[in-house]
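Given only the sequences and the hints, what does the whole structure look like? Please build it.
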Amino acid sequence: MEDKNIIELFWNRNELAVHELAYKYGTYLNKIAGNILHSDMDIEETLQDTYLSVWHNIPPERPNYLKAYLAKIVRNLSLKKVRDKSAAKRGGSVFAVTEELSEFYICDDENSDIIQTWELSEIIDRFLRGLPQTECNVFVCRYWYYDSISDICTQFNMGESRVKMMLLRTRKKLAKYLEKEGVTL
Numbered sequence: 380m381e382d383k384n385i386i387e388l389f390w391n392r393n394e395l396a397v398h399e400l401a402y403k404y405g406t407y408l409n410k411i412a413g414n415i416l417h418s419d420m421d422i423e424e425t426l427q428d429t430y431l432s433v434w435h436n437i438p439p440e441r442p443n444y445l446k447a448y449l450a451k452i453v454r455n456l457s458l459k460k461v462r463d464k465s466a467a468k469r470g471g472s473v474f475a476v477t478e479e480l481s482e483f484y485i486c487d488d489e490n491s492d493i494i495q496t497w498e499l500s501e502i503i504d505r506f507l508r509g510l511p512q513t514e515c516n517v518f519v520c521r522y523w524y525y526d527s528i529s530d531i532c533t534q535f536n537m538g539e540s541r542v543k544m545m546l547l548r549t550r551k552k553l554a555k556y557l558e559k560e561g562v563t564l
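For the sequence shown, the working numbering assigns the number 380 to the initial residue and increments by one for each residue that follows.
The set of hints was computed from the structure by calculation and includes no laboratory data.
Among the hints, a few may not be true.
Restricting the straight-line Cα-Cα distance to at most 30 Å, the calculated cross-link-like pairs of lysine-lysine (DSBU-like) are [what the hints assert, rightly or not]:
#, residue 1, residue 2
1, 459, 551
2, 446, 410
3, 460, 410
4, 460, 403
5, 410, 552
6, 552, 451
7, 451, 551
8, 383, 459
9, 459, 403
10, 464, 451
Across the chosen pairs, the derived CB separations fall in these ranges [what the hints assert, rightly or not]:
#, residue 1, residue 2, range
11, 555, 447, 24 to 30 Å
12, 511, 395, 40 to 46 Å
13, 505, 539, 26 to 32 Å
14, 459, 516, 23 to 29 Å
15, 459, 398, 21 to 27 Å
16, 555, 434, 39 to 45 Å
17, 398, 536, 34 to 40 Å
18, 559, 419, 41 to 47 Å
19, 555, 500, 15 to 21 Å
20, 562, 401, 34 to 40 Å
21, 500, 434, 22 to 28 Å
Beta carbons: idealized from backbone N, C-alpha and C, even for Gly.
So, in structure tokens, the structure goes:
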């Protein structure tokens, strides 16, 4: 079913919308949640929370890109679950990945200024658009989808050292770009 048809089902409050959404994007969303959570029970719970969130948000929202809209929701819910579960203990693969990018966290406060967050997002989007396609894709796979280094190696047919070096160089480029744009780290 086309995305626009699924969105129409949500607008009409037809419960078939959730079924169609799960059928079309369930595997995709499961992979994103799985890369972050690593627990079947947590993944399933997060997927259900994602579908519920979409049900509550469409309407009034009408996303232009349903796949990206869903990815953002499942990613944020997965990260929230990790934060909640790790309040007493620190560790896990998500923290290993975010550690790599920790120098770029301007403000990790949930009450941070939304305008600053939006502006930073726009700056990073411009940076990513300026990268060669493969470099951009590797960076996004690692830091948006939380793909493991070995998964990235397989997906892009590269060696581990090449992927790690590419990510290191891209992070350094990002630091310079942010500095040039006046973002203080």
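Unmet hints by their number, sorted upward, for this structure: As far as the earlier hints go, not one is violated by this structure.
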